Amino acid sequence: MPQSYKAARYDIIDVQEGNIFYRVINLITLDVTGKSGKMQVRDAAGKPVLLEFSTEAGTMTCNGTQITLLCNASKMTLTKKIYYYDLQIFTTVDDVSTIIYGAFEVGQNGRQITV
Numbered sequence: 002m003p004q005s006y007k008a009a010r011y012d013i014i015d016v017q018e019g020n021i022f023y024r025v026i027n028l029i030t031l032d033v034t035g036k037s038g039k040m041q042v043r044d045a046a047g048k049p050v051l052l053e054f055s056t057e058a059g060t061m062t063c064n065g066t067q068i069t070l071l072c073n074a075s076k077m078t079l080t081k082k083i084y085y086y087d088l089q090i091f092t093t094v095d096d097v098s099t100i101i102y103g104a105f106e107v108g109q110n111g112r113q114i115t116v
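Count along the sequence shown from 1, then add 1; that gives the number in our numbering.
Just so you know, the hints here were simulated from the structure itself, not pulled from any lab data. Be careful, since some hints might not be right.
What the hints assert, rightly or not - Straight-line Cα separation of at most 27 Å, BS3-like style, residue types lysine-lysine; simulated pairs:
no., residue 1, residue 2
1, K81, K39
2, K48, K76
3, K39, K76
4, K36, K81
5, K82, K48
6, K82, K36
7, K81, K48
8, K76, K36
9, K48, K36
10, K82, K39
11, K36, K7
Stated by the list, open to error - Computed spacing ranges between beta-carbons, pair by pair:
no., residue 1, residue 2, range
12, A46, T92, 20 to 28 Å
13, I83, G35, 27 to 35 Å
14, D44, G65, 28 to 36 Å
15, Y6, T62, 17 to 25 Å
16, S55, G103, 25 to 33 Å
17, V50, I21, 27 to 35 Å
18, T30, K82, 30 to 38 Å
19, A9, S55, 14 to 22 Å
20, Q109, T30, 32 to 40 Å
21, G19, T92, 29 to 37 Å
22, N64, Q109, 18 to 26 Å
23, G35, K81, 36 to 44 Å
24, N20, G59, 14 to 22 Å
Since the structure is predicted, the reported quantities are computational estimates derived from the model, not experimental observations. Glycine is no exception: its CB is placed at the ideal position from the N, C-alpha and C atoms.
Assemble the whole structure, with the sequences as input and the hints as a guide.
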């Protein structure tokens, strides 16, 4: 039977324009072994996907209680701005859960945006 999870907010605030992005997210108690997943970055809810990480594309891995995200510098084309993302895990089309969401802040030249 599919499980439902309460999504946690996690703001990613240290992304640098044009740089490689690598992040390991520790989930503490949720084991994601055998799950597929995707994380989509957008300007706002309902807007087109600007950047996607996925297990299918090899830019996201789910292992134990860790999710690893990787975007090579050549694909990090987002410009300085605050975007929004959600991260889903699933085993089938009927077993999809958003487990994390938040801001995805892209800075430039080592500087972040002041909100």
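Structure-based check of each hint:
| no. | hint | in the structure |
| --- | --- | --- |
| 1 | K81 to K39 | holds, 23 Å |
| 2 | K48 to K76 | holds, 19 Å |
| 3 | K39 to K76 | holds, 16 Å |
| 4 | K36 to K81 | violated, 32 Å |
| 5 | K82 to K48 | holds, 15 Å |
| 6 | K82 to K36 | violated, 31 Å |
| 7 | K81 to K48 | holds, 18 Å |
| 8 | K76 to K36 | holds, 25 Å |
| 9 | K48 to K36 | holds, 26 Å |
| 10 | K82 to K39 | holds, 21 Å |
| 11 | K36 to K7 | holds, 17 Å |
| 12 | A46 to T92: 20 to 28 Å | holds, 25 Å |
| 13 | I83 to G35: 27 to 35 Å | holds, 33 Å |
| 14 | D44 to G65: 28 to 36 Å | holds, 33 Å |
| 15 | Y6 to T62: 17 to 25 Å | holds, 19 Å |
| 16 | S55 to G103: 25 to 33 Å | violated, 18 Å |
| 17 | V50 to I21: 27 to 35 Å | violated, 20 Å |
| 18 | T30 to K82: 30 to 38 Å | holds, 33 Å |
| 19 | A9 to S55: 14 to 22 Å | holds, 20 Å |
| 20 | Q109 to T30: 32 to 40 Å | holds, 36 Å |
| 21 | G19 to T92: 29 to 37 Å | holds, 35 Å |
| 22 | N64 to Q109: 18 to 26 Å | violated, 32 Å |
| 23 | G35 to K81: 36 to 44 Å | holds, 37 Å |
| 24 | N20 to G59: 14 to 22 Å | holds, 19 Å |
In terms of the numbered hints stated before, the structure departs from hints 4, 6, 16, 17, 22, listed from lowest to highest.
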